[in-house]
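Undergrad: Residue numbers (my numbering), protein chains in the order written: chain Z, 1 to 482; chain U, 1 to 665; chain C, 1 to 317; chain S, 1 to 220.
Treat the hints with caution; some may be incorrect.
Unchecked claim - Capping the alpha-carbon separation at 25 angstroms, the derived lysine to any residue pairs in SDA-like fashion look like this: (1) U/Lys-104 <-> U/Gly-470; (2) U/Lys-202 <-> Z/Leu-411; (3) Z/Lys-195 <-> S/Ala-51; (4) U/Lys-548 <-> C/Gln-45; (5) Z/Lys-195 <-> Z/Pro-206; (6) Z/Lys-360 <-> U/Glu-155; (7) C/Lys-32 <-> C/Glu-212; (8) U/Lys-548 <-> C/Lys-287; (9) U/Lys-548 <-> C/Asp-49; (10) U/Lys-548 <-> C/Arg-69; (11) U/Lys-498 <-> U/Gly-470; (12) U/Lys-567 <-> C/Glu-212; (13) U/Lys-198 <-> Z/Val-379; (14) U/Lys-615 <-> C/Phe-291; (15) U/Lys-104 <-> Z/Pro-206; (16) U/Lys-543 <-> U/Gln-521; (17) C/Lys-287 <-> U/Ser-577; (18) U/Lys-104 <-> Z/Val-379; (19) U/Lys-567 <-> U/Ser-364; (20) C/Lys-32 <-> C/Val-12; (21) U/Lys-543 <-> C/Lys-287; (22) Z/Lys-360 <-> U/Glu-153.
What the hints assert, rightly or not - A short, non-exhaustive set of chain U residues, derived as facing chain S with CB atoms under 8 angstroms: (23) Val-180; (24) Gly-183; (25) Val-184; (26) Gln-646; (27) Phe-653; (28) Val-661; (29) Leu-662; (30) Val-663; (31) Ala-664.
To be clear, the hints were calculated from the coordinates, so they are not data collected in a lab.
The beta-carbon is built from N, C-alpha and C at its ideal position, and this holds for glycine as well.
Next come the chains, spelled out residue by residue.
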Amino acid sequence: MSSNLFMVSNALIGIPAAAAIAVALEPEYRRSAIINVCASGATFLFALVLLIVEPESSDYLFVDDLNIVFVVLSTFIGFTTSVYSASYIDHEIETGRLTPANVRFYHAMYQSLMGAMNLALLASNIGLMWVAVEVATLTTVLMVGIYRTPHALEAAWKYFILGSVGIALALFGTILIYMAAEPVLGQGYDAMVWKTLMQQASRFDPRMLNVAFVFLMLGYGTKVGLAPMHAWLPDAHAEGPTPISAVLSGLLLNVALYAVLRFKMLLTANAAAITPGPLMITLGLASLIMAAFMLYRRDDIKRLFAYSSIEHMGIIAFAFGMGGPLANFAGLLHMTMHSLTKSAIFFSVGHIAQAKGTQKIAEIRGLTQSQPALGWTLVAGVVAIIGLPPLGIFMSEFLVVSSTFARQPLLAIPLVFGLLLAFGALLLRLTGMAFGEPSRDAGEVKASMLPLYAHLSLVLLAGLYLPSHLVAWFQNVARLLG
Amino acid sequence: MPLYLALICVGALLAVSVYAIVQRRNPDISRNVYRLCIALCGVLFLAAVMPRGAHVVSTTLPLGLPWIGMHFRIDVLSAFFLAVVNLGGAAASAYAIGYGAHEKDPMRVLPFYPAFLAGMNVVVLADDAFAFLVAWEFMSLASWALVLTHHHEAENRRAGFVYLLMASFGGFALLMAFGVLGGVGGAYDFASIRESTKEAWKSGLILALAMVGMGSKAGLAPLHIWLPLAHPAAPSHVSALMSGVMTKVAVYGFIRVVFDLLGPPAFWWSVEPMTFGAASALIGVLFATIQSDLKKLLAYSTIENIGIIFIALGLALAFKANGLALPAALAFTAALFHVFNHSLFKSLLFFGAGAVLSGSGERSIERLGGLIHSMPKTAFLFLGGCVAISALPPLNGFVSEWLVFQAILLSPSLPQWTVKLLVPAIGVALALSAALGAGCYIRAYGVAFLGRPRSEAARVAQDPDRWSLGTMAALLALCLLAGLLPSLLIDTISPAAKDFVGGRMPAQAELAWLSIAPIAQSRSSYNGLLVFVFILFSAYSAKWVIHKFGSSRSRRAPAWDCGYIEKSPTTQYTASSFAQPIRRTLGVIAFSVRERLDMPAPGEMRAARLSVDIKDRIFDYLYAPLTRAVETCASGLNILGLLSIQEYLALVFGALVFLLVLVAI
Amino acid sequence: MTFLFDLMAQGVQMLLVLALAPLLIGFIRKMKARLLRRKGPPIIQPWRDLIRLLRKEVVLAENASWLYRSAPYLIFAMTWVAASLAPTFATGLMFSWSADLIAIIALLGSARFFLALAGMDIGTSFGGIGSSREAMFGSLAEPATIMIVFTVSYIAGTTQLSEIAAFMAANLELRASVGMALVGLLIVAIAENGRVPVDNPATHLELTMVHEAMVLEYSGRYLALIELASALKLLLYISLIACVFFPVGLATHDADLHTMAIGLGAYILKLAIGGGALALFETSTAKMRVFRVPDFLGAGLMLGLLATLLVFVTRNL
Amino acid sequence: MDLLTIDIAHVLAGALVLTSFMLLYQDRLSGLINIYTLHAVVLSLSVAWQAYYQDAPHLYVTAGIAVIFKAVIIPFSLRRIIERLRIHRTVEVVGGVGVTMLIGIFLTALSLVVMLPATASADPLAREDIAFALAIVLLGLLMMVTRRNAVSQIIGFMSLENGLILAAAGAHGMPLVVEISVAFSILIAFIVIGIFLFRIRERFDNVDLFELDRVRGGRS
């Protein structure tokens with residue numbers, strides 16, 4: 001393993017770890033917030049370095065096209081979110097919803113979450129990846145419960161129990177993978193390292209792989225938020241601090257999805273094993289349609305968008321399940337766009353909730369008039385998320401729907417049905433919130449619009465123009481995914 | 001060259017909307033924006049009509065789908081529609097220079113208005129599925145924002161919601177259609193789509209999807225419900241654009257897909273557009289006849305006209321499928337002619353409605369009346385619009401309808417009996433809708449502009465500013481021109497007919513007296529100019545004779561009305577009473593009308609009252625059940641949000657066991 | 001030379017229809033009177049009335065607008081043009097091709113349009129009644145007419161009246177479709193001209209009236225023009241029926257004066273027969289309720305459609 | 001290898017499954033905790049046996065963790081909790097023990113059916129182990145589903161996790177087993193502390209998750 005890559009990857013995990021300790025020791029919350037931002041920024045820069053180093057693999061860490069996409073994306077959103085969370089936390093302290101002590105803890109957890117996610121993405125060892133995902137789960141659980149209100153605790157608890165079960169299932173799957181690989185690759189690390197696994201996958205016992213995939217799909221699928229394992233997601237989004245909602249939707253779901261994709265590749269490499277496509281498609285459609293229906297009865301704004309995350313994860317899972325260059329490309333694009341858009345939406349939603357002093361949709365009206373900036377960005381975000389051009393998600397939905405309809409028209413029907421349902425629900429809510437006679441404001445917010453604008457403009461740009469090397473990179477990954 | 005010019009102008013339009021946002025504090029921003037729009041639309045119009053070096057010019061920009069890029073192209077068809085779009089756009093902008101001043105919150109219009117124009121232009125220019133759909137949805141999006149301009153009224157919000165939902169429904173239909181056209185390989189540029197071969201069932205599917213997609217935007221029944229909600233909600237110049245121009249863009253899309261991309265047609269393709277066209281024509285006109293909201297009325301009549309256009313297109317398909325080039329060209333020309341006409345007079349009428357709205361503050365004609373006295377100029381121009389849209393000679397509406405009739409009369413040459421017998425029935429529908437349309441506009445004009453004012457607002461109403469009047473006058477002049485010299489327009493259209501149905505009408509320009517003869521003069525011919533001259537001649541000669549030999553004296557006196565002069569203007573015939581005969585005769589079939597008369601017993605001192613409620617059957621039987629179904633499902637599934645942790649665990653557990661069983665087997 | 005001749009022929013036709021129309025009305029009135037064993041006014045009477053009206057001073061309602069004042073001229077002009085473009089004694093007159101059958105129907109439609117508007121201008125309830133009923137009748141009668149036009153022009157393969165007449169003259173044969181078309185056209189004609197049983201031209205102030213209600217406020221020269229126009233309309237319909245269904249004796253535009261004269265005689269004869277038939281019919285039937293009229297016209301429409309479809313059956317086009 | 005080793009391994013694994021059934025059956029909290037202690041002990045024994053059998057010394061560590069952490073610390077603190085919360089005597093109504101038992105047996109059968117063919121290539125000991133492990137996992141999950149009391153749910157989860165450890169130990173020469181078991185121990189510690197810290201009783205009068213759900217009160 002070349003030293004520079006080693007250095008970079010370690011930095012990606014080390015910086016957050018160090019920063020976590022640093023903020024934990026830092027009593028003054030503003031300064032800790034600054035450390036938080038700087039650390040995330042540094043991590044992002046190092047992630048960019050990954051773009052130039054050539055793929056490498058070792059027993060513990062490795063880098064290939066697939067996880068570079070995820071690492072860069074997650075570090076970027078981690079960075080913007082940290083910027084956003086600074087202003088958000090300020091407001092929370094002022095309104096006394098959080099104490100400085102909480103914030104210290106919060107920042108420490110934030111950084112360790114970042115570290116854990118980077119580890120999970122860069123881990124070349126399925127066991128290590130599992131450990132990292134587990135740590136990520138724990139940190140998020142703690143952050144979800146940070147408000148200590150009954151609802152927050154209840155949400156954290158639910159997330160905790162369901163998440164742990166998911167993780168347990170994932171571990172069992174991991175062990176089974178090892179057992180499938182062990183006869184071929186012999187005992188020891190080789191049987192747990194992606195590189196060797198991928199090389200030899202064709203010689204593994206398919207039946208073992210099948211059983212393993214069932215566990216992995218359900219286990220990591222729980223973290224992805226696919227129905228019927230989604231239950232933790234809405235509450236966790238709704239009750240935690242909004243930056244965490246953004247991180248959950250923008251990153252953690254992706255990390256879990258990354259794991260699923262890896263194992264999918266493993267199975268596709270083995271001809272005799274079941275094709276994972278149908279399972280993913282089924283779960284994807286189930287999540288899509290379930291979430292779409294759930295959207296209609298939501299009265300909590302954050303829960304609303306949490307369900308929309310489930311819906312989009314469904315679409316992405318569907319796309320990857322379909323497979324093929326177009327659908328995979330669409331899946332990757334959709335994942336990227338969704339992360340950016342959804343976190344942007346949560347940014348504005350957080351400030352809106354602060355400005356209106358409530359998360360009840362019914363009590364939020366006429367935003368475009370009372371808070372033009374927030375209101376219109378919310379409109380833009382929702383317009384993006386329901387897949388209207390010229391924003392990025394339209395492109396991916398265009399590819400998914402058209403390619404699916406060209407290949408299996410019958411599968412496209414439920415897909416389009418779900419998309420339309422979700423479209424209607426979100427548009428209905430948006431119309432209520434953004435337009436009409438404004439409802440009264442609770443107080444002034446110093447909104448930090450910069451991350452919002454950054455995300456939205458990226459999404460807009462992507463909707464019209466994708467830089468060619470990004471495309472090449474995506475296509476390369478799409479090929480990897482088969 | 002024209003293409004690049006057009007694209008630059010589109011870019012400029014987008015820049016204008018940015019400029020509007022940046023300059024939002026600037027007091028005369030609105031005037032500036034509209035001026036810029038006029039200029040850009042003007043240039044685009046020139047780009048459309050300027051001679052193109054090649055027959056077809058196209059280019060590709062490195063945007064959109066990376067491995068395809070964004071293709072743009074101008075051929076005769078897109079040039080024609082480009083001209084229509086920007087004529088309408090320029091007119092609307094000119095009108096808005098004056099009308100925009102009435103806008104309370106201009107920032108809800110200005111940023112989106114140029115974007116809307118840009119979107120429509122790009123749709124016409126696009127040459128690959130992705131660019132087309134991006135522009136298509138962008139157009140819907142911008143117009144949605146415009147529909148929500150007066151977002152304080154609840155029904156406008158509802159209109160916006162229904163509109164965008166229907167738009168995206170159509171969008172998805174098109175998406176699927178292009179998915180099939182593009183194939184598994186995803187070759188989405190129109191050039192390679194044209195090359196690709198399509199099986200019969202595929203083209204049938206695509207046709208249906210195109211009907212749904214384009215129809216939902218054009219307002220084809222039964223997908224029209226959003227139109228009467230959305231068009232009136234927007235400010236009048238935007239309504240004019242949506243009704244007069246955007247629906248035409250949808251027609252363009254239909255022509256592009258069905259006549260161009262889909263390859264040689266089969267005869268049965270024609271059935272769908274013709275039947276749905278006829279249905280829309282009838283439904284549209286019937287509902288227009290009973291509306292009392294002026295702008296709603298106009299919106300419904302748009303549905304009718306779209307129906308007529310689709311009838312003509314269906315005929316063109318039928319003829320084309322049987323290789324009857326000349327009749328096909330006739331029908332196709334009729335369709336495009338009507339597209340042009342409708343974009344003119346519908347804009348004119350919406351501008352008139354806007355003038356009435358801003359002049360009197362009233363939208364319901366029940367509270368208007370006598371406007372011919374308070375706003376004479378508007379009254380005159382609006383009358384012109386009414387005559388034109390009622391397909392009365394010598395104005396242009398008649399010409400296109402006459403052409404459609406001529407095309408229908410050629411149906412005996414069709415070999416297939418189904419179509420042969422279908423066409424006359426379609427003809428009845430067309431004739432009926434034309435006649436009802438005339439009745440509808442008699443009612444609208446008579447109640448709103450004639451008689452005595454029914455409200456103070458109507459009495460003190462004022463003519464609008466120069467800009468608005470000027471625009472309307474210009475449009476009326478164009479209507480008259482197109483009515484008197486149709487040969488010029490027909491000859492400009494015929495290249496498009498040549499390319500898309502493989503035939504062209506005989507060149508009309510060289511016919512004597514500037515008359516038009518679609519096939520041969522012995523078969524049918526019409527000369528608007530001559531008829532017009534005749535009418536003027538006989539009218540003036542009559543006047544001259546009478547004033548010379550008869551009397552020219554006249555004096556004013558109270559109205560006679562069989563000896564009883566009633567004071568209050570409320571005793572006039574109202575709009576709803578005017579519509580009563582039609583409601584009675586056709587209401588039962590078309591819309592479930594319920595009239596409730598509450599007649600006080602003799603000696604009782606209260607007023608009798610008649611209440612009429614009219615329901616749109618399509619809504620009741622098609623959309624209401626759908627919404628109800630979604631609601632029930634949503635409430636049913638809502639349980640999933642309220643389970644206890646162990647129940648959620650049970651779900652996971654169940655899934656696990658199920659899958660394990662699957663694996664085990 | 002021929003040009004001048006043609007121009008003259010056209011001019012003659014214009015004046016002819018103008019002169020004949022009131023006489024036709026007078027003739028019908030006379031016939032009706034005779035059928036009722038009354039003496040009745042002289043045939044020339046309508047002309048007298050018209051001239052008297054023209055001399056009279058016009059009494060305008062206070063809120064009459066410019067539309068109200070210009071409508072009569074427009075109505076008259078449109079009807080007159082329509083009437084003078086239909087072949088009466090000779091086919092293919094100079095400008096006959098400037099408007100085919102559809103255009104002629106449409107011209108009548110425009111006339112109706114303005115008449116209905118004029119009826120609403122003063123803002124009296126009677127005017128409104130008249131206009132709304134006229135609108136409804138029109139919107140049923142016009143499609144019926146169009147259907148009949150379809151039938152005829154499917155058979156003749158043209159919408160040019162002259163050509164149709166020539167065709168019909170050339171191959172006279174009895175056809176179910178033609179018969180139905182004739183009946184339909186008669187129905188339409190009765191309705192369009194406001195004759196019994198649809199409307200009663202003789203009475204005022206009958207609540208079921210249509211045409212008279214619209215022109216209630218008119219007086220003097222305006223009334224004269226409108227009366228003249230309606231007379232022309234009646235004449236036009238009779239000559240339509242004549243030249244389409246009984247094209248005997250029609251001269252062609254390049255015929256010599258002698259044939260023209262024969263054509264003229266034949267035409268006047270046809271008018272007389274038509275008028276007589278109408279009088280007979282009117283005296284033998286009673287006026288129907290207004291809301292029966294749609295059924296009446298609907299019958300016309302159905303006949304038209306049936307005729308159109310029968311064309312395909314009887315004749316293999 | 002001699003049969004005796006395998007037999008002992010079987011006996012231990014089988015005992016573990018049996019204990020899981022006992023957990024399913026037991027409805028008194030204090031009783032549950034005792035049985036769980038037994039569960040943990042058996043686990044550590046079988047892991048130790050695996051360590052000896054594969055002579056993989058690191059597994060002894062895992063076994064050690066199992067004994068110390070699961071068989072001593074956890075039960076102890078759980079007892080503390082239930083005494084604090086004064087629910088150590090509560091008898092939980094478990095709907096239809098018989099049915100639960102039947103389902104449990106079905107699950108065991110299922111895990112055998114799934115695993116034995118899948119692991120045909122692996123050596124017999126691993127096969128049995130993994131099959132039993134799956135059974136234990138499923139039984140643990142079943143327990144979590146059937147119990148409404150937080151403490152008993154946790155016990156269910158921990159038994160599930162024991163199954164995982166068993167599987168991990170059974171997988172020959174699997175690296176990171178120690179790390180994983182440590183990570184898991186942390187997880188469990190968190191859960192226990194969770195109940196303890198969140199002081200569910202103060203907030204929701206009792207640890208009945210059913211109540212805890214009612215807090216949401218149809219919030220959506």
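Undergrad: Can you name, in rising order, the numbers of the hints this structure does not satisfy?
TA: 3, 8, 11, 13, 15, 16, 20, 21, 23, 24, 25 and 29
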